[in-house]
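**Student:** Spelled out, the chains give:
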Amino acid sequence: MKKLIILFTFLVGGTHLSLQVLKLIPVNPISKHYSSIVRKLDSGFFPQKWMLFAPEPPKYSHRFHYRCSLDNKEWSHWNDPVETHLSNHHKNRFSTDQYLVRYYKDSIRYINNSHSLIGKELGCTDKKDRACYDKTIAKLTKLKEYKSMSNIVKDLCKAEYKTDFTYIQFRSLTIYPIPYSKRNTPKSNTKIITRHYPISKVGEVI
Amino acid sequence: MISEIKKYLFDKDNSNTIRLFQIALYSIGLLEILLRLPNIELFYGSPHKILESGDNGGITFIFDLFRIFTWKYNYIPVIATYIVSLLINLSAKQTTFSKLTSWYLYGVLNYYCPSIADGGCAIILIFYFYSTLFTNGSTEVKKFINNFILLLIQLQVCFIYLSAGLAKANGKLWTRGVATYYALQVDQFSLPIVQGSLAKSSLFITLSSLGTLIFQLSFPYLVWNKKTRPLVILIGSLIHLQISLLMGLITFGFIMSASYISFYEDEKSKNIINLFKSRPLTVFFDSQCVKCMQFAKAVKVIDFSESITIRDAQEDSHYLPTLHSYSEEKEYTGFNSIAQILYSLKILIPLFPMIYLLEKTRVGTWIYDRYILKSNWRLKCTAGSCSL
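Chains as they are written, first to last, in this note's numbering: chain A, 1 to 206; chain B, 1001 to 1388.
There could be a bad hint or two in this list.
With a cut-off of at most 20 Å between alpha-carbon atoms, the simulated DMTMM-like pairs for lysine to aspartate or glutamate come out as follows [claimed, not checked]:
id	chain 1	residue 1	chain 2	residue 2
1	B	K1200	A	E56
2	A	K59	B	D1118
3	A	K147	B	E1041
4	A	K3	B	D1011
5	A	K158	B	E1041
Derived from the structure by calculation, the hints contain no laboratory data.
Produce the complete structure using the sequences and hints provided.
**Tutor:** Okay, here's the thing in C-alpha cells:
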C-alpha cells in the first residue's frame, strides 16, 4: 500500500511537472513531439506561459471608445470606459478596478487581434481596399468576441445614460509609446491608430 | 548530490514550511477573489458577455471537464463554495477534498472569465494542484510525499524563471537594456509619475532591464546554494514587490513572493508561524511614565484575545531602564519587546512583515534606542519617577 501511494504521487506530481517543463522550455525536438499532448491536457487550465514580458515587452496597448444613439442620427460623444478605472487603479493597487481595466482592455484586444488575423487570412494587404475591408468586417461581426464586445458596449450605454439605445458603435485605439531613443525629444508624441467598427443595431448583431 | 536529495526526501521534516506555504497560497487566493467580488455580476452574471477561454484555445480534455460542471451563469453558489473551501484550507481542518474543491472551482472561475486572469492566477491554480497532493500526518510515507511535492514546487518556480529568462535573452529590447521602458509605457502596468520621470532615466531603465534578465537566468542555480539563497530570495521579493505596487500586478507579485516560502528552512517557517499564534505575554510598563501608560492603555483596548498582561515596572528596578516583556520563559527588551506586543495584537497582522523586518535587521532597535530611550521625556524618568 505504501509503495502504491508513493507511486501514485510520483506519477501524478511527476507528470504534472513534466508537462510544465515541456510547455515552458524553448521549442526543441522533444517539446515539439509532445506539444499536442501538452496542449490537450494543459491549455484549458494554464493559458499563460509566464514569459513575463518576454521575448519583448508589449510595444503598444489597447483602448476603446464607444458611443450610443436612439435614431442613428444624433449620437452621444465618444466615451472612454477605462479612464476612471485606470485612475482608481493607479491610486489604489488593491482596488477591484484592476480587473475592470483588464476586462475592458482584453475585450477590445480580442477584437483587434481577430481583425488582423482575418485580414491576413483574406490576404488584405492594402488598407484602402474597401472590398477586402468589408469582407473582414463581415467575418469579424460573426465572431463570439465581437458579439460579446457589442453587448458590453450596449450595457455601458445603458449604465451611462440610463436609457435603452437602439444603435451603438465602438472604435479601438492602439497606442504606441514614444520610442526609447526619442523619449527626451520635446515634440515626440505617442502614436495612436484608431479603427472604427461598424454601427450595430441592438437586436440585429447582438 | 543523490544522497542529498535522498536525505531531503526521506529525513527532512518540512511540515512548518508546507503549512506556511499553504497559508500564504490560500490567503492570496482569498484576497484575489475578494477583489473580484464587487464586479462578479459583470464578469460572470451576463451570459451574452461570457467569453470562455475555450474560444481562444480550442476544445481540450480539460475544457470538457469544466463543461460537465453545469454552473453556467449560476455563479454565486460557485463563488460562495470557493470562498468556503479557501477558509477551510486556511484552517487546521483542511482536507484533500477541500483543497481539490478550491483547485477545481478556481479553474472554473478563470475559465469563464479569462480576460481578468493574469499569470498570477495561472500560478495560483498550479500551486493549488500541488497543494492537494500534500498529506496531513507525520508517518514516513506521508513525510516523503510532502517533501517530494515541495521539491516539485521548487522545481516549478525554477522553470518559470528559466523559461522567462531564456525567452528574454532572445529579445532585443531586454539584451539592449531598454525593455522596462516599454513595459512601463503601458498605462495598465505603470503609474503616471513613473511614466514621466523614472522611465526617462537611462540608468534606471538599463539596470532594471538587465538586472531582471540576469536575476531570472541565475535564480534557478543560485537558489539551491544555501549561501546565495537568502540574497536571491531578498532580491526576488523586492522585484515582485515592485511588480505588485508599481506595475499593479498584485496577484502575480504576491504569489511569486509566496513561492519562495517553499525554499525556507523549516525552523524559519516555524518562527514565522509562531508570530501568528496567541501566546500569553507579560509586559512591564512604568506606572510613573505617562506616555508609557498611555501606550499600555491603548494596547489593552485593542488586545481582543486578552493575551497581554500588564504589570508595573516599579515592582523591580530591573524592569525600569527599558521596556521588558516575558513570554514562555523568554525575556524581551526594548524594540523586541514592542515587537512582541504588536505580534500579540492580531489586529495588526498586515504590519507583521514590516515589524519582522525591523526586528531582524535591528533597525527597530536603533530607532527605539535613538528616539525613545534617549528622548527628552524618557530621560526625565530618573530613579523610577517621570515628569512630563
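**Student:** Against the 20 Å threshold, does the CA-CA distance of K147/A and E1041/B hold or violate the hint?
**Tutor:** Between K147/A and E1041/B the Cα gap is close to 18 Å, so the pair holds against 20 Å.
**Student:** Mind checking the alpha carbons of K1200/B and E56/A for me, to see if they're no more than 20 Å apart?
**Tutor:** Measuring from Cα to Cα gives roughly 19 Å; hence the hint holds.
**Student:** Straight-line Cα separation of K59/A and D1118/B no greater than 20 Å?
**Tutor:** Holds. K59/A to D1118/B sits at ~18 Å (cutoff 20 Å).
**Student:** Mind checking the alpha carbons of K158/A and E1041/B for me, to see if they're no more than 20 Å apart?
**Tutor:** holds (15 Å)
**Student:** Would the pair K3/A and D1011/B pass a check requiring their Cα atoms to be no farther apart than 20 Å?
**Tutor:** Status holds; Cα separation ~17 Å.
Violation of the numbered hints given earlier is absent; every hint is satisfied by the structure.
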